[in-house]
Structures are given as structure tokens and as C-alpha cells.
Amino acid sequence: MEQQAVLSYDGTLEGFLTCVFTAYEEKLKVVAINASENTTQQLFTASYEVITHSGKAKRVWLSLKKKTSAAGLRDLKWAFLSEISQMEMQLYRMIRYILAENVPVDRDFSHPAVLKVAQAAKKVGREKHRMEAFVRFRRTRDEVYFAAIEPDFNVLPLIKSHFKNRYADQKWIIYDLKRNFGIAWDLAAVNYISLDLDPEVGISGAPEAYFHSSEIAFQQLWNQYFTSTNIKSRANSKLHLQQLPKRYWKYLTEKNL
Amino acid sequence: MDYERIKEKLSILADAAKYDVSCSSSGSKRKNTTKGLGDSSGMGICHSYTEDGRCVSLLKILLTNHCIFDCAYCVTRKSNDIKRAAFKVQEVVDLTIHFYRRNYIEGLFLSSGIFKDADYTMERLIQVAKKLRLEENFNGYIHLKSIPGASDELMREAGLYADRLSVNIEIPTKSGLKLLAPDKKHEDFIKPMEKVKNEIIQYKQESLFIKSTPKYAPAGQSTQMIVGASGESDRDIMYSANFFYKKYNMKRVYYSGYVPVAEDPRLPALNSKVPLLRENRLYQTDWLLRFYGFDIRELLNEQNLNLDLEVDPKLSWALRNRHLFPVNINRVEKQLLLRIPGIGLKSVNKIVQARKFRKLNWEHLSKIGIAMNRAKYFITCDSREFEVKEPSSEYLKNVILKTSSGKFRKETGTQLSLF
Ligand code: SF4
Numbered sequence: 001m002e003q004q005a006v007l008s009y010d011g012t013l014e015g016f017l018t019c020v021f022t023a024y025e026e027k028l029k030v031v032a033i034n035a036s037e038n039t040t041q042q043l044f045t046a047s048y049e050v051i052t053h054s055g056k057a058k059r060v061w062l063s064l065k066k067k068t069s070a071a072g073l074r075d076l077k078w079a080f081l082s083e084i085s086q087m088e089m090q091l092y093r094m095i096r097y098i099l100a101e102n103v104p105v106d107r108d109f110s111h112p113a114v115l116k117v118a119q120a121a122k123k124v125g126r127e128k129h130r131m132e133a134f135v136r137f138r139r140t141r142d143e144v145y146f147a148a149i150e151p152d153f154n155v156l157p158l159i160k161s162h163f164k165n166r167y168a169d170q171k172w173i174i175y176d177l178k179r180n181f182g183i184a185w186d187l188a189a190v191n192y193i194s195l196d197l198d199p200e201v202g203i204s205g206a207p208e209a210y211f212h213s214s215e216i217a218f219q220q221l222w223n224q225y226f227t228s229t230n231i232k233s234r235a236n237s238k239l240h241l242q243q244l245p246k247r248y249w250k251y252l253t254e255k256n257l
Numbered sequence: 258m259d260y261e262r263i264k265e266k267l268s269i270l271a272d273a274a275k276y277d278v279s280c281s282s283s284g285s286k287r288k289n290t291t292k293g294l295g296d297s298s299g300m301g302i303c304h305s306y307t308e309d310g311r312c313v314s315l316l317k318i319l320l321t322n323h324c325i326f327d328c329a330y331c332v333t334r335k336s337n338d339i340k341r342a343a344f345k346v347q348e349v350v351d352l353t354i355h356f357y358r359r360n361y362i363e364g365l366f367l368s369s370g371i372f373k374d375a376d377y378t379m380e381r382l383i384q385v386a387k388k389l390r391l392e393e394n395f396n397g398y399i400h401l402k403s404i405p406g407a408s409d410e411l412m413r414e415a416g417l418y419a420d421r422l423s424v425n426i427e428i429p430t431k432s433g434l435k436l437l438a439p440d441k442k443h444e445d446f447i448k449p450m451e452k453v454k455n456e457i458i459q460y461k462q463e464s465l466f467i468k469s470t471p472k473y474a475p476a477g478q479s480t481q482m483i484v485g486a487s488g489e490s491d492r493d494i495m496y497s498a499n500f501f502y503k504k505y506n507m508k509r510v511y512y513s514g515y516v517p518v519a520e521d522p523r524l525p526a527l528n529s530k531v532p533l534l535r536e537n538r539l540y541q542t543d544w545l546l547r548f549y550g551f552d553i554r555e556l557l558n559e560q561n562l563n564l565d566l567e568v569d570p571k572l573s574w575a576l577r578n579r580h581l582f583p584v585n586i587n588r589v590e591k592q593l594l595l596r597i598p599g600i601g602l603k604s605v606n607k608i609v610q611a612r613k614f615r616k617l618n619w620e621h622l623s624k625i626g627i628a629m630n631r632a633k634y635f636i637t638c639d640s641r642e643f644e645v646k647e648p649s650s651e652y653l654k655n656v657i658l659k660t661s662s663g664k665f666r667k668e669t670g671t672q673l674s675l676f
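In order, the protein sequences belong to chains A and B.
Sequential numbering of the first sequence, starting at 1, is according to this note's numbering.
Sequential numbering of the second sequence, starting at 258, is according to this note's numbering.
A few of these clues could be false.
[What the hints assert, rightly or not] List of simulated lysine-lysine pairs, DSSO-like, C-alpha gap at most 27 angstroms:
#	chain 1	residue 1	chain 2	residue 2
1	A	Lys-128	B	Lys-286
2	B	Lys-335	B	Lys-431
3	B	Lys-613	A	Lys-171
4	B	Lys-288	B	Lys-508
5	A	Lys-77	B	Lys-387
6	A	Lys-164	B	Lys-387
7	B	Lys-530	B	Lys-340
8	A	Lys-255	A	Lys-128
9	B	Lys-275	A	Lys-238
10	B	Lys-613	A	Lys-67
11	B	Lys-288	A	Lys-160
12	B	Lys-624	B	Lys-603
13	B	Lys-286	B	Lys-461
14	A	Lys-128	B	Lys-288
15	B	Lys-603	A	Lys-238
16	B	Lys-292	B	Lys-472
17	A	Lys-128	B	Lys-603
18	A	Lys-122	B	Lys-431
19	A	Lys-77	B	Lys-472
20	A	Lys-171	B	Lys-387
21	A	Lys-65	B	Lys-603
22	B	Lys-613	A	Lys-65
Note that these hints are calculated values from the structure, not bench results.
All figures in this text were calculated on a predicted structure; none of them were measured in a lab.
In isolation and in its complexed conformation, chain A is listed as follows (with noise of 0.2 angstroms):
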């Protein structure tokens, strides 16, 4: 029987694809690939910790990009975000069918793992997407504008670029309170942070001690803003839900003053 390969990573994606390296070279037979906690031994199958390599991690991207479109790369890359269990298994089987092919099929949807991958990439992209849109900053007494949020999905690094190029004037920080790290804009670059915060501030309101005494002010009167550009004869609340998924609205100003 032959040997089945259980291999585990330190969750970043350049040891994700370490991991992919090791798996070619080494012509294993995997079966799963674990970011490192969640290991354990089992009866026929062997364990390796694979140790993250940026080298070997660039050659498997760099013959990755070659056989794939732009669209896929993303793909590749938006379903690593997910951090859906055992979605590493999904992206290995498509890259195994990306490398193993002579003409590009990371848009063949009728590959189960490549269709797996669309999937999740998908909805990491809408709720890049949303956080894009339902980040709400508060001003601090510092003037740095804050926001926190607490994502599905590990969001930041995408939103990272978006932000910077509309809020160029203005220092700002995104905290992901779920992952405990965030983002932050200096005017200068885009730095990640992790920070010791305190539970007060939270995700809306404006406690004194950190916030400008404006803030609580435009806060309401954004809340009036809203209230006021309802039209109450077409009520929709089940649309409404729909595009206002209730998990999200502890991030929202005028759901959740």
C-alpha cells in the first residue's frame, strides 16, 4: 500500500505552497494539508511538518503563473483567504491540474476542484467587497480614523490597496478584533499592526477617552440621513436583509447607534 501524506504549514500561503513544493518533489501521495495546530497521527499515513521556504514557495507561483490567467492567480489566491477547512486540499487538486495540463484550464469549471476554488474565492470576493463598504471610521482624539471589524473571512490584506488610494490624506487604521491584527495608513505606507485594545472602544458609539468630541455628532446625524432617505410606501424588508445580512450590522453606524 502506498504511503499517504498528511503535510502541516505555518497557515501563510508562502508555506502553503512550500507545501506544494515539498509534495512534488518528494512525490508524495497527500491526502490533507493542515495549517499547523491540527495535526494528528494516524495509522498508514505519515506526517510532515514542511517548513516554510520563500525560494521553493516562489518556483511553484512562478510556473503557476505561467500556465494560469489573471483571473485564476485570484482565484488561487481569494480561495487561500477563505481559511474554509480543508480548502487547501481543493487548491493543491487544482494546481496539480493546472501543472499537469499543456493548455491553460484554471477557468475549466467542470473540474471539481477548480469549481471548489471559484467557489470560495467568490464569496471571499463579496465580502472583500462589503467590507469595502461597511468599514465605518470613527475620528479619534488623535485624529487617526478608526474602524474595527471581525470578517468571515481573512479580508485585510485585500482591502489594503483600496483604502489607501481613496483615504490618502487622512491617517487610518482597520483592526480585524477576530484575528487580532489590522491595518494601518501612516501617510506615508500601509503597515500591519496588532494592537492591545481596549474592549470600550468597540465597533460603533464614541467612547470620550479615545474619540473627537465631533464624532458622536456625526454619527446621529448620519443616522438621520438614513432615517430620512427611506421611502416607507416601498418597504422591502426581506430585500433589505438581503443586502444587509444581519451579521453585518454591528458595523453600521445607523444599524447599531
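Given the coordinates of chain A, work out where chain B with the ligand should sit on it, guided by the hints.
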């Protein structure tokens, strides 16, 4: 800033502006290259949704709801007994900037009742846009409503600062306009449209040769028509829309189901329902014209003055043209793929991509995400089983309606469910 006073004005002047349905903030290319505030180079973003399901992407307000005119269908009309208010230019600028900095909005949609005369009002709208661009270094989206009757010079200036300009035609037929907006003349709408169109054309030509030509209304112009206020047919509405698209290079025509705002013998009664489904069908028809290669005469004509409310216009067209179907998914050219009920633009592209690799069967198609309950009667593919061969169109329509009851009957939003 006197927040309480501003809040009151906001409640009055947002309330009065809400009937304008145009909300799109896409289609402009104003990059933030100045390290200033804002960027409108991407797709527009809906930052929120009202409880009636419409997208909130712009701060949409009137500069004032004082008006010297008396259009029957409008809350702001002179004879309506309501609270009046007016924003100062600087107040609108401040609100826009503070809302934008908090990521509430993509920009400003500024309209107005007519203060004194068309030019006086237009001038103030322009002042707001000018301040935002020149003093605040603002690159977000600005949509200005052109006041019917405003002069050519002002229309030219407006386009230098705004991304989009619109004149709302509101009533699709000349006779309806005469009846409901006696103060307005058809020419008053057409003249600014003509001016904007010509300026855009001129800008495009000049910018080929002169790099520094200032941008002119980069997101083009749009207009809006009220549906169901003056007894017009769907054909009247869509032929007007088609005319504006072709003649004035409109980027968008919006359709707005009439919300009763006045007791008036010329208008539907105050308690009549907003024709939401009809509005939705008009938008679907609009999409078919703009993206699916349909000619207006195929969808509405002497025999079909109004759209079918029960089924979407593409299905309705297909049911009238059964001789063209069924088509083979694996062979038929793209133009005809686009005409199959239940298959939208995205699915068409997926089919075109996927069929390069293998012949598609029912299973592939439903995985791709096409609405099989409609599509299956109009296609063949790499599967053996066919649907009932030659059922009558009437029979088919009933079957499709039955199998899709939830989706069709409750489809009342302006958010489109597209084919
Ligand atoms: S001119 Fe405009 S604001 Fe004034 S009544 Fe007519 S539609 Fe309303």
C-alpha cells in the same frame, strides 16, 4: 457647526430628495493622484441599503426645497404645505467631507428646488462642487442635477466639476408633461442635455491632442422617468428611454415607480400602490437593450404595448419566438446564448469558457448556475433526456410560473434579479 440645526435641515432636505432614484456612483475615472481625499476610479460602492431596499452610496440631498414651480407629482411643489429649508453652500461641503472621511458615502448627489430662477439655482449647485474640488481637494463622486432651463455657460461650468450631470425628464410623454408640469417646457430639458452631450464629444476630441484639457462630466449624463403617474404605456417609456440613449448618449435612464405625494385629480389616488413590479420589468428591459443586444422593437411594439408582469421580458420574448428554439448550448453562437431565458451574462461567459473543454450536459449547466427551470425548455445539450418536445407557449409559461412561484411572485424590489 450647529449640529441640531443641520440635523433638522438634513431631515427635510434628504426626505425631499429621496424620490430621485439615481444612486449609481460608477463610471467615473477620477484618480486620487493628488494625495487628497477620495478616489472614484473603481466601481461604485453601496455603503448601505434603506429599508425599502435601495442602495445608499451618495449623500443625496436638495440644496433647498423652496420652489417657484408647481409640478403635480413633486413633494417640493409650490402649492404643497410643508416645512421649507435651505442649506448654505459651506454646510453641504462640510457634510460631504465628514461623511466621506468616515466611509459612509462615495460622494454627493445634489439637486434642488428652483430658488429664483434656473440660473441662480444652478450657480449655487456649481459653487458646492467647485469648493469641494478646489478647496477640499476632493476626488470623490459628484453628481449635480441640472436645473431645466439653465444656461449653456453654466452647463459647461457644471461639467468641469461634476462627474455626472442629469436632467430628469420625469414624464415620458409631451402630453403628460403639459398636464402635470405646466411650468416646464420640453425644450428646457432637451437644451441642457444637448449642451452636455456636445461638451462631452468636444472634450473627447480635444483630449486626444491636448493633454491638459480639463475633464468634462467623465461619468456622462443620466435622466429619470416617473412610471405610472400619467397613464403612459411601457412602450412610451422605453421608446423615450431608447431615444435618450441614442440621441444624447445617456449613460443611464432610471425608472421610478410613482409614489403618491399629492391629492390631485390628474394623478393616481393617494392610497394607490407604487408599481414596483412594473418598475422592475422596465429595468430588465433596459438591461436587455444595453447588454444583451436586443432591439427595442422586439420587446415592445404595436402588439405588445406593455410588458408582461408575470414573467421577465426575456422569457416573454422567447415564448413569442419559439421557432428560434431549442438551441444547442454547445454550438450556438454567443448572441443567441444571450437570448436564452434563465441564462445571464455571467453564465454565458462561463458556458463559452467551459464548452472549450468538453460538451456540457444538464449537470454542468446547473452547476454553472443557470436557472434550469426556465432554460431547460429552450436548449439541448450533451444529455439524452429532452423536455416535453413541443408544448404550447401558454402551457410552458404556466409550468415555469408554477415551478418558480417564490421567485417570481414575490419579486418586488428594485434590486434586479436578472434572468
Ligand atoms: S421644478 Fe422640480 S422641484 Fe420644483 S416642483 Fe417641479 S419637479 Fe419639483
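Of the numbered hints stated previously, which ones are contradicted by the structure, given in increasing order? Going through the list in order, the structure violates hints 3, 5, 18 and 19 and respects the others.
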